[in-house]
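There are 2 protein chains.
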Amino acid sequence: MAHLSDLDTPAAVIDIRRMQRNIERMQRRMDELGVAFRPHVKTSKSMPVVRAQLAAGAKGITVSTLKEAEFFFSEGVSDILYAVGMTARKLPQALALRRRGCDLRILTDNADSARAIADFGRERGEVFDVLIEIDTDGHRSGIKPDEPALLEVATALADGGMRIAGVLTHAGSSYDLDTPAAQQAMAEQERAGCVHAAERLRAAGFSCPIVSVGSTPTALAARHLEGVTEVRAGVYVFFDLVMANAGACSTDELALSVLATVIGHQVEKGWAIVDAGWMAMSRDRGTQKQKKDYGYGQACTLDGTVLPGYLLTGANQEHGILSREGERDPNIAERLPIGTLLRILPNHACATGAQYPAYQALSENAQVEPWSRLHGW
Amino acid sequence: MAHLSDLDTPAAVIDIRRMQRNIERMQRRMDELGVAFRPHVKTSKSMPVVRAQLAAGAKGITVSTLKEAEFFFSEGVSDILYAVGMTARKLPQALALRRRGCDLRILTDNADSARAIADFGRERGEVFDVLIEIDTDGHRSGIKPDEPALLEVATALADGGMRIAGVLTHAGSSYDLDTPAAQQAMAEQERAGCVHAAERLRAAGFSCPIVSVGSTPTALAARHLEGVTEVRAGVYVFFDLVMANAGACSTDELALSVLATVIGHQVEKGWAIVDAGWMAMSRDRGTQKQKKDYGYGQACTLDGTVLPGYLLTGANQEHGILSREGERDPNIAERLPIGTLLRILPNHACATGAQYPAYQALSENAQVEPWSRLHGW
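The listed protein sequences correspond, in order, to chains A and B.
Its first residue numbered 1, the first sequence is counted upward by one per residue in UniProt numbering.
Its first residue numbered 1, the second sequence is counted upward by one per residue in UniProt numbering.
If we strip away everything but chain A, and leave its shape as in the complex, we get (with noise of 0.2 Å):
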């Protein structure tokens, strides 16, 4: 088995005591407030994380596309939701995955598709669960609660012989909030919309079995689920800076780093280049509006220790660039000299872990193995 020190760099690099916390955190929160889980595994894309989330007791996945569906489908994992707008191209892969057993869940939410639905499962002779997308925030797809499109978009469905399996939302915008109590405003938020479009659903006559809402910080915010049925979450799994901004966790909770090396310096300057650039830490800058600006990322020792105020200030393809934030370190090659191995922590970890076509994972034994990740469409 192989050391940190023994890997080439960059690599991503996950703790897996700290994944398992996390983990473990989230599944006691969604069992206290008497509702499923079902992470969202867009954000790891890697069977050994998804796993160690089934066994703690999430049911089913999430999954952004249809190629995850057919990997983790392929993995042994037959509870499937797809969380984006079905569209009439997508539908034969769908189907596809249907007929060779996958428990596959798709949404809409309008009624163009959702009668595109309708017609190809008519044709094909295949009664399609469908949820439908609400928009409880405003921020980007998804049918308000109380708007008509609703009712009709549940027409087109049932009156075309799919099968509502319910409604579906995403409160996204609670990653810009900051404070407890913002975030638990967005989760009620959240809660009370999506509740609500079930009720006129039902009212109307439609079955509404599935109330799935959900994000990383109004899951963890929310008071009370009343009427939800399932939550979704998915970047709690590593957490990132963006999440530590937000107030979602502290920066010694993050799972997910980047293994870099250092290869040069501008002493002048107060730089150390090291070998993980935006190839390495991706281009996200998400927590560039945030309260606190990491740039491209937070510096650790090797051992995960933070390095308070050393950020990698910049990046080209395959060099960042890391300095002190505020004043020069004129001893940056002294304190870090050529060869010094790092850790740094990302901005964003769906997109950092998306760079990589395999993850180590470091356990409590100190040793690492890779851990293959899904690449693509």
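Since the hints were derived computationally from the structure, they do not count as laboratory data.
Small disclaimer: the values here were computed from a predicted structure and weren't measured.
Note that CB positions come from ideal geometry on N, CA and C, so glycine has one too.
Zero decoy hints are in this set.
Distance ranges between label pairs, derived from CB positions:
#	chain 1	residue 1	chain 2	residue 2	range
1	B	P357	A	N331	39 to 45 Å
2	A	L33	B	Q20	56 to 62 Å
3	B	P357	A	K292	33 to 39 Å
4	B	Q93	A	G125	53 to 59 Å
5	A	P337	B	R202	30 to 36 Å
6	A	P209	B	Q288	43 to 49 Å
7	A	S5	B	S250	48 to 54 Å
8	A	P370	B	V306	40 to 46 Å
9	B	Q93	A	H3	14 to 20 Å
10	A	E75	B	K67	22 to 28 Å
11	A	R21	B	Q93	34 to 40 Å
12	A	P209	B	K291	48 to 54 Å
13	A	A204	B	Q20	54 to 60 Å
14	B	A366	A	G326	52 to 58 Å
Assemble the complex: chain A is given as a structure, and chain B must be docked to it using the hints.
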């Protein structure tokens, strides 16, 4: 053979005709300037692209990782320059490549690494060909042309029995300039600084056969390249919106685009939702501080015609928000109905390409074939 409209979305489409023109334009310019051209393949990481560059007259390639070197060497390219500062931990990988017959040149900008290379080379009986990195614009790594460190590094290499292959610089700050005069001045600064460093080495009795400069903007802007032996450039092969803002190309010359499908609308906001989010475009917001901010990309029709004013103004992982800049389009749902296929021009071709396991190469007869590309380290 497939056509564009058969592809799953999102997909990264290369317009082969445009790519070929970009390749020929750059090679012609290099021929006129009387220098060898060594394209930086970090942009495409794809063999059919590199094959077209070599066929047009390129002499060898530049890589940003040793994995690229291994891959392209296995595909038959042996003249390879690894243009990121070498560290001790990567030397065994470099040695293995040379032992297999790869004519790999490596780079350093400090005496510690130079000694590490020399010590390792001597121990293994290998004479590495090493270039010394020169900093001509203060944007990243390298030794300033006048610094005493230049001769220290050369001494460490020569005393250690290594071959000094030459000097190399990259005026990456040219990306931030947007007038022909400023680009020309930067090209001359890059050339003069690198040539000066070469002359200092020669005056001190060291050999310095290669004088290597380049970036896409300076390569296109240079008036003459006296004293330079080779030029490197990468992104010119596809160009992108950052390069269009820098004045290096027009948007009609961009050879890479992301094929996307309209999956929904928020009519009251004037939004079309597409299935190309930041995972499909990358998080690169390189035009944010340029003269025109394209958001996450410029929308085009399926045939590649720019839709003026229609930009990807927001992006989640698998959702893009497409809207008219400036004012809401009340007819967005009629203009871009559900199912519409669009092509989105990216800010930064190197970052967007990296999100895909393969490109879809579109030929003049409107057929597409997959061109695989390298991922990770």
